[in-house]
Amino acid sequence: MLALYLREIRLGIRAGSGAMTGILFFLAVVAVIPFGVGPDLNLLARIGPAVLWIGALLASLLGLDRLFQADREDGSLDLLLMAGSRHMVALTVFTKCLAHWTTAVLPLALITPLLGIFMNVPPGGLAAATLTLLVGTPAITFIGAVGAALTVALPRGGLLVSVLILPLTIPVLIFGVAASRGAVAEPDPFLPPFLLLSALTLFFAVIGPLAAALALRGAAD
Amino acid sequence: MRLAAENLSGERGGETVFSGVSFALGQSETLLVTGPNGAGKSTLLRIIAGLLPVAKGHVAFSGGGEIFPDAGAACHYLGHLNGMKPALSIEENLVFWRDFLGEERLSPLEALEIVGLGEIAHLPFGYLSTGQRRRTAIARLLVSYRPVWLLDEPTAGLDRASEAQFAEVMRAHLSAGGIIVAATHLPLGLEGTQELKMGAGN
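Protein sequences appear in the order of chains Z and W. Quick note: the first sequence, position 207, residue 207 per the UniProt record's numbering, numbers continuous. Quick note: the second sequence, position 142, residue 142 per the UniProt record's numbering, numbers continuous.
Simulated from the structure, these hints should not be mistaken for laboratory data. Heads up, some of the hints might be wrong.
Said to hold, decoys possible - Beta-carbon label-pair distances, calculated as ranges:
1) Z:Phe203 with W:Ala176: 44 to 50 Å
2) W:Arg105 with Z:Val206: 52 to 58 Å
3) W:Thr184 with Z:Thr21: 41 to 47 Å
4) Z:Leu195 with W:Asn7: 39 to 45 Å
5) Z:Leu106 with W:Pro69: 34 to 40 Å
6) Z:Phe203 with W:Ala156: 45 to 51 Å
7) W:His185 with Z:Ala205: 44 to 50 Å
8) W:Pro53 with Z:Leu191: 35 to 41 Å
9) W:Gly26 with Z:Pro155: 40 to 46 Å
10) Z:Leu202 with W:Gly26: 47 to 53 Å
11) W:Glu110 with Z:Ile117: 53 to 59 Å
Unchecked claim - Covered stretches of chain W, going by a simulated chain Z footprint (3 or more residues, C-beta under 8 Å):
12) 43–53
13) 145–159
This structure is a prediction, so every number in the text was calculated from the model and none was measured. In this text, a Cβ means the ideal position worked out from N, Cα and C, and glycines have one as well.
Using the sequences and the hints, build the whole thing.
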């Protein structure tokens, strides 16, 4: 499994991967909001966490469709599935998700403090947004794996994956934004939505890979 | 070790492509699957590998012990696609498959020496020609051990010298007690093989 993780990381950071696309998209979304909303600093600070979360959510959907498709196109997927008695397929999917998250989504969370400054988010809010993104975005990747597995045989499944999984990511978004706002805006609480967010991630970390493994098994042809 | 199929049928997209296929292979035995395009050769191999569901009949692999409990676990599958990443070097690709598949045999460099790619192991897989890619995929069979090799047009894209080399590799596998099931149009240079003609009345 470590071998698979390292291979995916290598593929993720080498040329031809979409890791940078997500960051640039995130940057573009957050950078244009202040121009559209206008220079009302209070308003920007109020909607800041939400904008950061929406930007990160959409950016992390980019490239998800390639999660299994690339492996299918070069035949690796067959071999990964055949090794099912040695490495449970769900575990293989979990590892791939983790590697995808490390190369494509983790950078988004790491540049959040920088982008938050555009939105006039106070330091406490920056820390909270980064922390909630770190905890919440894995859930999006795990949900996304199910969509990616379902559409693995479709050549232009990219948009379909996003449409399929977007409804499922709404709870993650709600609790993520609620927790980041709760950190700065009294009297909203921080801990309850944050714990729910963590629970969602743990829940989808189990359900997502299992469902994706089933979908991949079914999609074999 | 024994690989057997009994009265096997295969489907592709809801249509039966072949039915009533039976064979039994013991150690050091080879089955050549021949027949016209569309006769179901690849489907048969994918069913044995467990990648496609069995429509009727069954496939059984026995004698593999705990390490190889079923046919899927006991098989190396060399399909039309090579299963290598263009962005990684040849050696990185093989190191990954050795670590992931387990049951290490040769080191990636030794395996590449055998298929004649030892000197360019550092090149990205994407830079290689069709024949060299195929030889890299063949090297994968050597870095980790599986008793059964399922080969789908294994020599596609290989030149004469590489074909002879590959025949040598297959003979070594057979003499070590391995089993080979190969779908092919070309003679593979092996002696004493069973043949399964598909698309001819069944």
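Hint-by-hint comparison with the structure:
1. The hinted window of 44 to 50 Å between Z:Phe203 and W:Ala176 holds, with their beta carbons roughly 48 Å apart.
2. In this structure the supplied range 52 to 58 Å is violated for W:Arg105 paired with Z:Val206, their Cβ-Cβ distance being about 35 Å.
3. Look at W:Thr184 against Z:Thr21: about 42 Å separates their beta carbons, and that is inside 41 to 47 Å.
4. Between Z:Leu195 and W:Asn7, the C-beta spacing of about 57 Å breaks the proposed range 39 to 45 Å.
5. Checking the proposed 34 to 40 Å range against Z:Leu106 and W:Pro69 shows it holds: the Cβ atoms sit about 37 Å from each other.
6. For Z:Phe203 and W:Ala156, the hinted distance range of 45 to 51 Å is satisfied, since their beta carbons lie about 46 Å from each other.
7. A C-beta distance of roughly 47 Å is found between W:His185 and Z:Ala205, which places it inside the suggested range of 44 to 50 Å.
8. Range check, W:Pro53 to Z:Leu191: about 48 Å between beta-carbon atoms, so the 35 to 41 Å window is missed.
9. At about 43 Å, the CB distance of W:Gly26 to Z:Pro155 agrees with the hint of 40 to 46 Å.
10. Checked against the hint of 47 to 53 Å, the C-beta distance between Z:Leu202 and W:Gly26 comes to roughly 49 Å, which is consistent with it.
11. Between W:Glu110 and Z:Ile117 the beta carbon distance is about 55 Å. The supplied range of 53 to 59 Å therefore holds.
12. For the region 43–53 of chain W, the stated coverage by chain Z is satisfied: 5 residues place a CB nearer than 8 Å to a CB of that chain, which reaches the threshold of 3.
13. Requiring three or more residues with a Cβ within less than 8 Å of a Cβ of chain Z, the coverage given for the region 145–159 of chain W is violated, as only 0 such residues are present.
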